[in-house]
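Model the full assembly from the supplied sequences, consistent with the hints where possible.
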Amino acid sequence: MHSLSRPPPALPWTRIAAFLGLFAALYIAAAAIAELRVGRAGQGAMQELLAAKGRQVDWIVLGASHALPLAYGGVPERLEAETGQTMMMLAEVGAGPLYADFVLRQALLDLEPMHILYVADSFAFRSPRWNEERIADRKLLRKTPWRSSMLGILAGMAGSGGVAPGALADYVTNFSKLNPPDRFPQDDWRGAENFDRSFRPSRHATGARIGYLYPEGAAKADPARYLDALEAMFARARAEGLSVTVVKLPVPDAFREALPGEAEFDAALAARLAPLGIPLHDLSAALADPRLYFDTDHLNRDGVELLYERHLGPILAAGG
Amino acid sequence: MLFTTLDFLLFLPAAVLVFWLLPARLRLAWLVLASLVFYGSFGLENLIYLAVVVLIVLVAGRVLKAKAPGARRAALWGGTLLILALMGLLKYYDPVAAGIDGLPALGLTSPAGFSFYAFTAIALIVDRYRDPAAARADDAQEVLYLAWFPKILAGPIERIGPFVSELNDKTPLGWPQFAAGLQLILWGLVKKVVIADNLAPFVDRTYAIPAYAVPIELILASYFFAFQIYCDFSGYTDIARGTSQLFGIRLSENFRRSYFAHSVGEFWSRRWHVSLADWFRDYVYFPLVGPERKAWRMYAGLMVVFALSGIWHAGLGYGIGWGFVAWGLLNGVYLWGERALNPLRRRLRKRLGGSWLGRLHEIAAILTVFHLVLVSWVFFRAGDLGDAATILSRIWQSLPELPTLLTRYPFTGEQAFLVCLIAALLVIEAAMERPTTADRFAAAPALLRWPVWLACLFALILLGRWDSEVFVYMQF
Numbered sequence: 002m003h004s005l006s007r008p009p010p011a012l013p014w015t016r017i018a019a020f021l022g023l024f025a026a027l028y029i030a031a032a033a034i035a036e037l038r039v040g041r042a043g044q045g046a047m048q049e050l051l052a053a054k055g056r057q058v059d060w061i062v063l064g065a066s067h068a069l070p071l072a073y074g075g076v077p078e079r080l081e082a083e084t085g086q087t088m089m090m091l092a093e094v095g096a097g098p099l100y101a102d103f104v105l106r107q108a109l110l111d112l113e114p115m116h117i118l119y120v121a122d123s124f125a126f127r128s129p130r131w132n133e134e135r136i137a138d139r140k141l142l143r144k145t146p147w148r149s150s151m152l153g154i155l156a157g158m159a160g161s162g163g164v165a166p167g168a169l170a171d172y173v174t175n176f177s178k179l180n181p182p183d184r185f186p187q188d189d190w191r192g193a194e195n196f197d198r199s200f201r202p203s204r205h206a207t208g209a210r211i212g213y214l215y216p217e218g219a220a221k222a223d224p225a226r227y228l229d230a231l232e233a234m235f236a237r238a239r240a241e242g243l244s245v246t247v248v249k250l251p252v253p254d255a256f257r258e259a260l261p262g263e264a265e266f267d268a269a270l271a272a273r274l275a276p277l278g279i280p281l282h283d284l285s286a287a288l289a290d291p292r293l294y295f296d297t298d299h300l301n302r303d304g305v306e307l308l309y310e311r312h313l314g315p316i317l318a319a320g321g
Numbered sequence: 022m023l024f025t026t027l028d029f030l031l032f033l034p035a036a037v038l039v040f041w042l043l044p045a046r047l048r049l050a051w052l053v054l055a056s057l058v059f060y061g062s063f064g065l066e067n068l069i070y071l072a073v074v075v076l077i078v079l080v081a082g083r084v085l086k087a088k089a090p091g092a093r094r095a096a097l098w099g100g101t102l103l104i105l106a107l108m109g110l111l112k113y114y115d116p117v118a119a120g121i122d123g124l125p126a127l128g129l130t131s132p133a134g135f136s137f138y139a140f141t142a143i144a145l146i147v148d149r150y151r152d153p154a155a156a157r158a159d160d161a162q163e164v165l166y167l168a169w170f171p172k173i174l175a176g177p178i179e180r181i182g183p184f185v186s187e188l189n190d191k192t193p194l195g196w197p198q199f200a201a202g203l204q205l206i207l208w209g210l211v212k213k214v215v216i217a218d219n220l221a222p223f224v225d226r227t228y229a230i231p232a233y234a235v236p237i238e239l240i241l242a243s244y245f246f247a248f249q250i251y252c253d254f255s256g257y258t259d260i261a262r263g264t265s266q267l268f269g270i271r272l273s274e275n276f277r278r279s280y281f282a283h284s285v286g287e288f289w290s291r292r293w294h295v296s297l298a299d300w301f302r303d304y305v306y307f308p309l310v311g312p313e314r315k316a317w318r319m320y321a322g323l324m325v326v327f328a329l330s331g332i333w334h335a336g337l338g339y340g341i342g343w344g345f346v347a348w349g350l351l352n353g354v355y356l357w358g359e360r361a362l363n364p365l366r367r368r369l370r371k372r373l374g375g376s377w378l379g380r381l382h383e384i385a386a387i388l389t390v391f392h393l394v395l396v397s398w399v400f401f402r403a404g405d406l407g408d409a410a411t412i413l414s415r416i417w418q419s420l421p422e423l424p425t426l427l428t429r430y431p432f433t434g435e436q437a438f439l440v441c442l443i444a445a446l447l448v449i450e451a452a453m454e455r456p457t458t459a460d461r462f463a464a465a466p467a468l469l470r471w472p473v474w475l476a477c478l479f480a481l482i483l484l485g486r487w488d489s490e491v492f493v494y495m496q497f
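Chains as they are written, first to last, in my numbering: chain A, 2 to 321; chain B, 22 to 497.
Hints may be right or wrong, so weigh each one.
[Said to hold, decoys possible] Partial chain A-side listing against chain B, Cβ under 8 Å, derived:
| # | residue |
| --- | --- |
| 1 | L5 |
| 2 | R7 |
| 3 | P8 |
| 4 | P9 |
| 5 | P10 |
| 6 | A11 |
| 7 | L12 |
| 8 | P13 |
| 9 | F20 |
| 10 | F185 |
Hints were generated in silico from the structure; no laboratory data involved.
No experiment lies behind these values; they were computed from the predicted model shown.
Virtual Cβ for every residue (Gly too), placed ideally from N, Cα, C.
Laid out in structure tokens, this is it:
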């Protein structure tokens, strides 16, 4: 039998090109409008960098959400008032070392920082969710300004497997700004709004939070891959003349005790930092009282003030 | 590689381009290869299940060519029962074993779209048994018939005769047909990504714990689900038909603006998943009813078909439960009632004719059928029979207070947005119900047509939800 022997269709190429041209023009116009409205998606590290371009800062803070209360609690202002040192908060909710590396690369292009304060959380080393997937997260891409320098960084990271090609395509086309993934948000973390609250300890809430932070559990998720990324990031920072300080911020006792594989992680982190001569300040047990937290594991205003007075202030004042 | 992924967006143009550049003798092989790549992208083990079904069909086909009636009957029953047994094993063994002490779990899951190509294979075996001349195809064509990628995940369940006619059609494919394929894909994507996938999160949240949801939300979620499942499945079918059309192979329509049906019978036989209804009619209902068509056998046959359909739907992403059987039986009861009332309905229609009362009667019929189907969807979507009963009883109890509840309920932007999407769909489908609309639109100047297609494209870009990982029916 002679199957499928139809001649190919004759396509009206001029009409097709005109339609596609019109579509492309409209798309570019829509993407440009979306870019102008990027600030409405909420602040983020990348917007902070764009706003501060060319500024000299003493400290940049990298890490995940545990670092953010330092900004809510006015640590940068207090540090500047007391020591004259400036600090910029570049931590991002759920950001692991790969995302921190993305931020640092851009920060080195935009700012002239002298010190890095890296807030280490073991969960951020245990899952691609907080690393590759976070860079590809459309909620973050939505508030990441379109800049050729960032495109270069993302393309470089895509080449090394740290960024999914789809995420790169999303960034190039401004797709997440045109099509906001959180059009009708349900359960977003609202740290700043809850900052003045005190948390009533709950074993259920702690368990749920740990389950969320460690989606693969600790046993299956070897942190070595992301510790390599951290080490490489610090090596690059040191080569640029920056000093690096790593801290583990306080969490309530019940939360700390529930963290899976924490002792092994601490040992692995210390083993990576020691050869580089990077100080590690483990403050995770420094503030045990759950009333110093606004949820299961984030410091509230009182907690930040106490932390600054007793521990962090002296570390920062000494330049790490 | 779902139809809504970037991978498919790259795969499809490449497959189409190579197909039309190849000489005719290689095209069939190319389509088989493309189909295997597509289906294999959901897991290489899927190809093994497909290969088993293909093998059963080819072996049964060889035996069916024999003259001996005994051998032919053995091939018919052997092939059919083997496929049904495999389907039963994959779909039901583990869930059933979980409820019976001592039965070990085998860790089997039904591969994507298995039921669809299993039903297609049964159709081929039975058709070949009934009339070998009408079901003539060579082996390669049969493989493509079973594996053809646009339809492998969720149909339509094609018949071999029309499918092979499409393959053998030598009429040149014109630009209008090619463009119509692209437009079908676009409209299917709008239904799936813009409407169904935006409705899904609200439905999922509300149906998760029905006892905690307020009655207004249960009502909204039930309406939303009716449109979610319609847009999900008919959207899939549109994309499948459009995709196939780009290769010059037309597939059957399967959905025709389902919620404009005037009767439950019309809904099931001419507007909703028509290829499945035809399959059940030809391979279950007619054999059950027999040539005499006695009334009691017709009524019993209807109920058996809907009970089987309910059992077949079990496991469709919403768990395996009696809810699906209840859904099937309820639709069977609707059809019984409708058949019993048919003489009365005919007389009424005749008397009202084309008057305004006749028009009103038509609208009332459409609304009644829609709401009957909507009630049955509650059983389909709810986690189990208990949840379905909770939802329906809470809605029922709230009806007397509905005006007050509506004024007090703080409607959200999300709900308003979803209602607008459904309203837009209904306006477009109401226009498409007029037989001349499609032709008039196709003949309109580009100045009128292009804004519509650009609006569809921008609806996809601005409003679409692209994070869904399934089409509901591919989980069969």
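Verification of the hints:
1. L5: With a minimum Cβ separation of about 4 Å from chain B (threshold 8 Å), the hint on A:L5 holds.
2. R7: holds (5 Å)
3. P8: holds (5 Å)
4. P9: holds (4 Å)
5. P10: Constraint on A:P10 satisfied, holds at 4 Å.
6. A11: holds (6 Å)
7. L12: Holds: closest Cβ of chain B sits about 6 Å from A:L12, inside 8 Å.
8. P13: Constraint on A:P13 satisfied, holds at 6 Å.
9. F20: For A:F20, the interface hint holds, since the closest Cβ of chain B sits about 6 Å away, which is under 8 Å.
10. F185: Hint on A:F185: holds, closest Cβ of chain B at ~4 Å, below 8 Å.
The structure agrees with every numbered hint stated previously.
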